[in-house]
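J.: Count the sequence shown with our numbering and you get residues 1 to 658, in order.
Any given hint might turn out to be false.
Heads up, simulated DSS-like pairs for lysine-lysine below, C-alpha to C-alpha not over 25 angstroms straight-line [unchecked claim]:
id : residue 1 : residue 2
1  : Lys582    : Lys556
2  : Lys350    : Lys228
3  : Lys350    : Lys151
Restraint-style ranges between C-beta atoms, simulated for each label pair [stated by the list, open to error]:
id : residue 1 : residue 2 : range
4  : Gly436    : Thr96     : 27 to 35 angstroms
5  : Arg492    : Ala349    : 41 to 49 angstroms
6  : Glu551    : Trp467    : 19 to 27 angstroms
7  : Gly535    : Lys638    : 26 to 34 angstroms
8  : Lys472    : Trp284    : 43 to 51 angstroms
Hints were generated in silico from the structure; no laboratory data involved.
The C-beta atom is built at its ideal place from N, Cα and C for all residues, glycine as well.
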Amino acid sequence: MSRSCARSATSRESGSDERVRSATSAPTARRISMIEEPICTVYMLVPRWKVRSATRRNRRPYLTEGICQATANTARIRALCFFCYTSDKSNTKMETFIELSIVFAAATGVAWIMQRLRLPLLLGHILTGMLVGPLVFGWLGDPGSIAVFSKLGITALLFIVGLSLNPIALRDVGRVSVASGIGQIVFTCSIGFLIALGFGYHWVPALYIAIALTFSSTIIVLKILQDKRDLGKLYGRIAIGLLLVQDLAATVILLLVSTSAAGASLLAITQAVITLTALVAGLWFAARFVLPWLTPIFATSQEFLLLFSVAWGMGVASLFHLLGFSIEIGALAAGVALATSPYHHEISAKMKLLRDFFLVMFFVILGAELAFGNVGSLWPAIVVFSLFVLVGNPVIVMAILGFMGYRRKTSFLVGLTVAQISEFSLVLILLARSLGHVDDSVVTLVTVIGLVTFTGSSLVMNASDRWFKLLKPRLGIFERKTTITERQHAVRPEALLFGFHRLGQDFLPLLERGGKPFLVIDFDPAVIDGLQARGIPCLYGDAADNELLDEFDLKKVSMLVSTVPDFETNLFLLNKLRRRNKQALFISMSQSPDEAMLLYRGGADYVILPHYLGGNYAALVLDKYGFDASRLEQEKEKHIKHLEKRLNLAPARAVSGL
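Using the sequences provided together with the hints, build the complete structure.
T.: What follows is the structure in structure tokens.
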């Protein structure tokens, strides 16, 4: 009886399988198995447990019942999966929906792991694609069904990059960022091109590989700098400026690649250049005369502004595509046109949510399409190129900054920010493949290099201080004997003022009247130039630079004032001073009462809370003059004169920072 029951259940299962196979196409059958297999595995756990339990107890009738139940369950599930996939005529749409739900569920789990490991989410998205793609589980069907989401992600990414390329931002980058950015691009691209030729690549793929190795990930670097609260530090500002220079160079390269897509003949290229010139002229006219009038209308509502931004970005990108150019360059141009708008920061913040959502699909599809069949032959190139990016790029930047006179720590920290390839590198290499300039092996090569460098650079940047302490003795070759911060002064300062642009201006008259030698430290070149022109002792340096503080004899310092808003920097200065000098006066600035209390507990003499002091002073003024506007006139005139004096003392290019 038991054997007949098992045979009956097996025959029913086999008959169900045959009916499913005969009634479905290959893609649908594959998707049915994609859902049924994990469900069947889970659903059969209980019967199998019963089987094991019955076996241990020698209860053969119960064993037979468990086998029959398990096989019957499998047949029911397969029939249910078949029904779900064939009963509705809107099959394709539901399949896409289910694939998206699987992708985002997997991406969430992998992202959680990446966050715990302090690794970039970009790496997690690519790994998600490898998991759901044919390489591992095969849950993702034809990537073309969700490719439109990938395209939207790239459009949003390049649109936001374009928003940052405004003339004011480029002007404020500074000479050091421009010099280091251009130098790094030239040296990295040249050396990478020669290495690629050495591996036997034709000059066209070799050039694309070299360009892909040149640019660094703005998303990863900004995220790590934000997490470490280093955006306002000297190396953070230089790194941001360097990345901005890279973005500008990437725009030019993308423009050239897009133009080459129009055709190889001279006539086609000429037509493309003429069309592109007309498009750029039209966008300039819109940015100069139309958008300044149009954007305030849409800025009356946050939702309205977001809808306008999406419509503008996608509309311009579509226009470029219809005229024979890539969507990528169109999205970039749309962002540049809005870059001078006073609302570009708000637009960028709103668009980042859409970018992050759709960009997941771009990296997932990239991971799903990875072909590892030829990775074995690519490993030597992967290792050499990855080491070149992880070690060679930082060395190039350190050499440039060291030649310009920066300290080894500043040079080292900036160098670490270029130790990975960019998301733009992946966009560029996929665009090159679509144009037939490179093959799938080059795409695999660059993607695996991205996986390696995303991981390596993130780990090193998060532990940058420990790596610097370890390598400090060997980094002396990247530092000149006389650095920017090592300007000799005739008298050792007894008072140190860190930060001049904020509250520092109010302390300057007090220091000048005190009669003691003092020194102002700031890392804004415009501030330093203005102070030097007035003959005020000053130094170009970073308050968080341990080596800079070691140059001063802190035992002889009677007062240290910090107007830096960063809590970690102020706590570092306080601890450094108190280890050498318990009696010196320490005054700092804080943004919150909690941080102010921590500084007081650490030994600070007074902590300035600007909002608290401002409100307190305003209340005292009202208490003194009452609610009579005429009696406030004298105080108002005095305040206006004070503001005018501050504006005259401030540099022409005021930059928030130290």
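J.: Next step is simple, just say for each hint if it's right about the structure.
T.: Here's how the hints hold up against the structure:
no., hint, result
1, Lys582 x Lys556, "holds (11 angstroms)"
2, Lys350 x Lys228, "holds (23 angstroms)"
3, Lys350 x Lys151, "holds (18 angstroms)"
4, Gly436 x Thr96: 27 to 35 angstroms, "holds (29 angstroms)"
5, Arg492 x Ala349: 41 to 49 angstroms, "holds (46 angstroms)"
6, Glu551 x Trp467: 19 to 27 angstroms, "holds (23 angstroms)"
7, Gly535 x Lys638: 26 to 34 angstroms, "holds (27 angstroms)"
8, Lys472 x Trp284: 43 to 51 angstroms, "holds (49 angstroms)"
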